[in-house]
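Participant: As a plain string of letters, each chain reads:
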Amino acid sequence: MRILFINNDGGGFADYIDIAENTTVEQFFTIKMSSQNAEDYTIRVNRQPVSRDYVLRDGDRITITPTKIEGAAV
Amino acid sequence: MEYNKNLIRIANRIQDTLTKLRNNHYAEVLNRIEKLLDKMEELQVKSKLMRESLSRGWNSSAEECCNNLSRILNDVTHSTSHVQQLVDLPRKKVPMLTELGNELEQLMQEFEEVEINLAEGTISVETEPITLEEIYLGPFKIQLRLAMLSKLYSSPAYHVIALDPHPAATSEEVTHPHVSNEQLCEGDGSAAVRASLEDGRLYDFFTLVKSILNTYSADSPYVALSEWEGISCYNCGYTCGSDNGYFCGFCDRDYCEECSLCCHECDETVCSGCVTSCSICDDSVCPNCVRTCSECGSYCCKSCMEGTICKDCQESEVENEQRNEPISTNTQCTNTNQPDTTPKEVNSTTEGAKPVGLEIQSCGMGEAGLLPG
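In order, the protein sequences belong to chains A and B.
The working numbering applies: residue 42 is where the first sequence begins, and numbers increase by one.
The working numbering applies: residue 10 is where the second sequence begins, and numbers increase by one.
These are computed hints drawn from the structure, not numbers from a lab.
Cβ atoms here follow ideal geometry from the backbone N, Cα and C, with glycine treated the same way.
Mixed in with the good hints, there may be bad ones.
[To be verified] Now the in silico label distances, taken between C-beta atoms and shown as ranges: (1) A:GLU80 x B:CYS271: 32 to 42 Å; (2) B:SER229 x A:SER75: 53 to 63 Å; (3) B:GLU121 x A:ASP81: 15 to 25 Å; (4) A:ASP81 x B:SER79: 43 to 53 Å; (5) B:PRO148 x A:LYS109: 10 to 20 Å; (6) B:THR248 x A:ASP94: 51 to 61 Å; (7) A:GLU80 x B:GLN192: 24 to 34 Å.
Just need the whole structure built from these sequences, with the hints factored in.
Facilitator: Structure below.
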């Protein structure tokens, strides 16, 4: 099934990707964000906070945004 | 009802702005290409000059042309990548009004303080008070200016305004380690921030900016948190960074560069209040290295002391001793202008000396001669 994945960690690009049926948010995060800790991210599905065992559905929009991003000085 | 109308109005404005941004994107690409072409033209002119120089055998001129060409080529590389960046950006559709409306609603749900000002064309979100490494910075207002959003590629589209400013002691415009003059340096978040604005993903934009404000990067701040409160000079009150401040270990206070000195003897930092100037050489001396002359009581450095008395007193003593010495009458006065008529016997045990057995005898008239002995 197809979902829209917006990864705000890095380039911030939005892409439609195919995932397996019955994939939970937690599983999706583990696949896409491998070594990262979910506690360091804000995760929203269809603009709503969801639990880690929420099962993703066809057409869902998931955004993953880091809570810690290093700024700089020009 | 009124609330919904306002939301629709602002969503409409955002959509118009993003449409302008799309068009400005192409205009900006053209602008950057023109800059690249200017550089190429410069390259052409310089290479013609170089050809001319070579044909006339002017090697120095050719060398200078070469240096200029090197500089222009660097500029060309930079301009090329500048254009490439923009040209390679994926083309995005302008979001629909419903999508923008959903974004605004999500913003209202997730952030406590959201202000939408139709008249000014701004959308603002307030953060909670931010404290980084125990330094309180206060809350900030992230203000997106829709009129500037259409010029995203050439000007910043938002400001970060300190609501309870606690700026760096050495720089009032730096209200956060990564904010100067209300401009945030996005660092690792710049690509994501830009992408979120291009897509009209307002919630993501504000969340990203908030994440940057809540993170301290010690590698590259405008002012490091370790120097945030600066050092206030005890003498003149000037506030300086910790790198430019000095600590006087004698009075246990901090001083600026102007109000502190270095002991000439031991190199220890000493403030202008604790330092002593040597009365002989005028060098700065700390309380540990200063000496007092037992004769005159003046303060001197160790180098200007001879034992327990200063050099001045020492010299005075020597002069007095010389003045007080009596003159003796038995002393033979040696007149070097007259010949010495006293015969001398010369005996030498060293190589190259005069032969043994010869006498030096006066011949009179101020002359001497060698006579066989």
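Participant: For every hint, state whether the structure bears it out.
Facilitator: Each hint, compared with the structure:
1. A:GLU80 x B:CYS271: 32 to 42 Å: violated, 51 Å
2. B:SER229 x A:SER75: 53 to 63 Å: The hinted range 53 to 63 Å is violated for SER229 (chain B) and SER75 (chain A), with Cβ atoms some 27 Å apart.
3. B:GLU121 x A:ASP81: 15 to 25 Å: Holds: the Cβ-Cβ distance is about 22 Å, inside 15 to 25 Å.
4. A:ASP81 x B:SER79: 43 to 53 Å: With Cβ atoms ~45 Å apart, the hint holds.
5. B:PRO148 x A:LYS109: 10 to 20 Å: Roughly 19 Å apart at Cβ, these two residues keep to the hinted range, so it holds.
6. B:THR248 x A:ASP94: 51 to 61 Å: For THR248 (chain B) and ASP94 (chain A) the Cβ distance comes to about 54 Å; the hint holds.
7. A:GLU80 x B:GLN192: 24 to 34 Å: holds, 30 Å
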